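Asker: Here are the chains, one letter per residue:
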Amino acid sequence: MERTGMVTVKVWGEYACFTRPEFKVERVSYPVMTPSAARGVLEAIFWKPEFHYEIRAIGVLNMGSEMVILRNEIDRRQGSNPFFVEDARQQRCSLVLKNVAYLIRAEMSLQPWATDPVYKYRDQFNRRVERGQCYHRPYLGTREFAAFFAPADGESPDPALNLDLGIMLFDIAFVASKKRVDLEFMRHGPQGARRVQGYTQAFFFPARLEQGWLKVPPEKYQELYRMEEGENA
Amino acid sequence: MLRALVDAAERFRREGELPPTGYKPKVPKWIVNLEKGRPYLEGPYTQKEVRAFLAPDRQRSGTPSKKNLKPYLLSDDARYALGKAEPGKEEEARLLHEGFLTLLEEAHRETGLLELAQLLAFLKSSDVEQIRERVGPRDLVQFRVEGKNLTEDGAVQAFWSEYLARELMAKNRAYCSICGKEGPVLRILPREVVVLGQKCQVSSFNRDAFTSFGKTQTENAPTCFTCGSDAVDALDYLIRAERHRRALVSNPEASGLENQLAVFWLDKKVELSYEDQTYDLETLLGSVLDNAGGQTGPPAELSQLDSLLAVPWTARTSALNIDQSCFYLAVLSANKGRMVVREWFEASVGRLRENLRAFLDGQRIVGPLGEEPQVFPIPALLDALKAGDPNLTQDLLRAAYLGLRPREGLLGVALRRFRNPRVLQNHRALHPLAALLKLALTYEREEVKSMERLDSGRNEPAYLCGRLLAVLEEAQQRASGWSLNSTLTDRFYAATAAAPAANLALLLARAKVSHLPKIRREGRGYREIEGFLEEILSYLDAQQGFPSILNLKAQAEFALGYYHQRAEFRRKS
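Top line first, the protein sequences correspond to chains A and B. FYI, in my numbering the residues of the first sequence are 1 to 233. FYI, in my numbering the residues of the second sequence are 1001 to 1573.
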């Protein structure tokens, strides 16, 4: 039984902010979508615990331009205790991208306990993309920057686009651990979902646009899974 | 940006410009000299009287306590260095001084320097009393032992760097967001930078809402000590060095976010050689950001750049390929203790040359009194706009360095200022505005040269209408003997620029009845005015008369037509 299948989707939007961790308060966006943001878009369209996405490449159809926006935000987390927003005002700047479009090419990879063939999920994904269905609105980096999506229509990135992007956020590993408890999160397994305690670890990779494509190294996913599974075991 | 700063740190360190890790230039108010164990106090000094020295520095904030005790090694204010108390804060001074001594003892233990032992012995003796009485609690004190400034000692510098690394590390390991390597990461960055008078952290998580995944402080932006300290040291150097910084918007009364500071650098130092003269490329490229500071002409370096762009560039060292050097630019502001990056880009010098040429050519325009065409640095253009919108700064920077066409928003803001009657009468404000309009209108187009001054062959209806308004104003001025404080443009410019047909016919009729006969009667250049009127009206007739309304671009044409024609009259007079 085939356990992996490729999917491709075109996404675009008026604004995008793929925040760099080192400038995450006064936000500065990476110039190109990160693999974790691309995964988020795909999961918004279709996701089941039986598979996960591994981003293989992100094609830049439109780099967009950069612009600065200043917004009123709040300086504390929202919880069950209400507070006056006026007492917690914080103005924050963001260097965001405007008018961007990408092609996301990802591999759907079945979890070990999945019994159905991968093409069942792949076809479901493709049908949802064609119909414009999504579980929640996909977004480009932050939720206020909604993304539009459609099947890839043959448009391809500019082959003259070559750029060294430096070290870029790859994804975040959620590591279950009893020794270091920073947060609680959901973990899916053969028995369903359960709450576990642990911490997160950001992974980075040297990013480079070559002929308009940002290639994502597959071995990084193995490193990430090893980290997530290592402490879990 | 931080990765480029880490690379820049390597360059500046190679050139001997960067202080050692965790060091910063400071000006002491008092110098305590220890000669054979006997103290001698020099001072008080002012900033001008004594040279700054490199001293250990670190980020320090909050109320000092046993848990928040952050002395600087070897040189600190008198509360730390000598235990001098502020009124009513004797206990605090004792605590701070204890912290200072503990740090010195640790440094002595690790370096084994005899001078440190000598200094410790003095600080623990009763001799310190007489010194303590003379200094203020917040005065910066420097120590010299046997004529030697201990902060310059290599062993002390190495100790301070290792000590900071130990102190600032988080207990968990992570991947560094700058170099990508796994290892211990910083809990907080070593120190702040000062952006236009405001202290701020390069990466700050000073509110609960800014953190994620249960992490605290700089663990949210995992950075190893080497990358973090190098990036902060390089940025601090760039912000302080005149050669690398320019204030684009600087208003001491404005909030931090309104002010904007540009820092720029090349990946390596490059000197240009032309006609037996040597030019520093970094200074030349930065001249586009120079603040003219009220002078009438462009800054000297900008004029040099303008001339040098017309000739091929050769490096002083033949091994250097200038075009492949990389230029970096960041625009920064401060926002409540946090640094804001308003703009960041890198570009090769080869690409910059073309872009700067297009930018300067695009804005070059005749002066309002018919002076030779001139170019302006970006702060002068921004000052003329009086808009305070960071996106306008970004537009101009991107046009200058990256070759991106300015957006239409720039045209709108410039036009709003241009039609203000006060601005129309203010030559110094009008010239950069006209340059901006020309830039937005002719950037990388054929007209870039012909629109430098009056283009009498141009038959764009909007341009012709602008010229016509200037001719009618001149007729009014001549008829009055140049005695008017306000002219018809004060009242009619804005309306005419938006809807020429509704106003120009009326103004023309009035001029024919009131102004032109008087000019003819009194011999004040009637033929010249008549010549211009005939020329413009014949072109307009061929273009089907006055346009009824003008869009933004056409209004810019109108403004330039008016400006050029007026400059032409004033040049002749």
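Because the hints were derived from the structure by calculation, they are not lab data. Computed from a predicted model, the values in this text were never measured in an experiment. You may find that some hints are simply not true.
Stated by the list, open to error - Partner residues aside, some chain A positions facing chain B, computed with beta carbon under 10 Å:
| id | residue |
| --- | --- |
| 1 | Glu22 |
| 2 | Ile74 |
| 3 | Phe203 |
| 4 | Pro218 |
Unchecked claim - Once the Cα atoms are required to be at most 30 Å apart in a straight line, the calculated DSS-like pairs of lysine-lysine come out as:
| id | chain 1 | residue 1 | chain 2 | residue 2 |
| --- | --- | --- | --- | --- |
| 5 | A | Lys179 | B | Lys1181 |
| 6 | B | Lys1148 | A | Lys178 |
| 7 | B | Lys1148 | A | Lys179 |
| 8 | A | Lys120 | A | Lys48 |
| 9 | A | Lys48 | A | Lys215 |
| 10 | B | Lys1148 | B | Lys1026 |
| 11 | B | Lys1070 | A | Lys24 |
| 12 | A | Lys179 | B | Lys1067 |
| 13 | A | Lys24 | B | Lys1171 |
| 14 | A | Lys24 | B | Lys1124 |
| 15 | B | Lys1124 | B | Lys1026 |
| 16 | B | Lys1067 | A | Lys220 |
| 17 | B | Lys1070 | B | Lys1181 |
Unchecked claim - These stretches of chain B come out as covered by chain A in the derived footprint (C-beta under 8 Å, 3 or more residues):
| id | stretch |
| --- | --- |
| 18 | 1060 to 1073 |
| 19 | 1168 to 1182 |
| 20 | 1334 to 1341 |
| 21 | 1387 to 1394 |
Note that beta-carbon positions come from the ideal geometry of N, C-alpha and C, so glycine has one too.
Asker: Next, verify each hint and record whether it holds.
Answerer: Each hint, compared with the structure:
1. Glu22: holds (4 Å)
2. Ile74: For A/Ile74, the interface hint holds, since the closest Cβ of chain B sits about 6 Å away, which is under 10 Å.
3. Phe203: Result: holds, 6 Å to nearest chain B Cβ.
4. Pro218: violated (17 Å)
5. A/Lys179 - B/Lys1181: This hinted pair holds, its Cα atoms lying about 23 Å apart.
6. B/Lys1148 - A/Lys178: Cα-Cα ~53 Å, so violated.
7. B/Lys1148 - A/Lys179: Distance ~50 Å between B/Lys1148 and A/Lys179 Cα, so the pair is violated.
8. A/Lys120 - A/Lys48: Holds, because 12 Å separates the two Cα atoms, which is no more than 30 Å.
9. A/Lys48 - A/Lys215: Roughly 25 Å between the alpha carbons, so the hint for A/Lys48 and A/Lys215 holds.
10. B/Lys1148 - B/Lys1026: holds (17 Å)
11. B/Lys1070 - A/Lys24: Since the Cα atoms of B/Lys1070 and A/Lys24 sit roughly 27 Å apart, the hinted pair holds (cutoff 30 Å).
12. A/Lys179 - B/Lys1067: Judged against 30 Å, a Cα distance of about 25 Å means the pair holds.
13. A/Lys24 - B/Lys1171: OK: A/Lys24 and B/Lys1171 at ~22 Å, within 30 Å.
14. A/Lys24 - B/Lys1124: The hint is violated at about 46 Å.
15. B/Lys1124 - B/Lys1026: holds (25 Å)
16. B/Lys1067 - A/Lys220: Violated, at about 40 Å.
17. B/Lys1070 - B/Lys1181: Given pair B/Lys1070, B/Lys1181 holds - Cα atoms ~29 Å apart, limit 30 Å.
18. 1060 to 1073: violated (count 0)
19. 1168 to 1182: Per the Cβ count (8), the hint holds.
20. 1334 to 1341: holds (count 6)
21. 1387 to 1394: holds (count 3)
When the structure is compared with the earlier hints, violations turn up for hints 4, 6, 7, 14, 16 and 18 and for no others.
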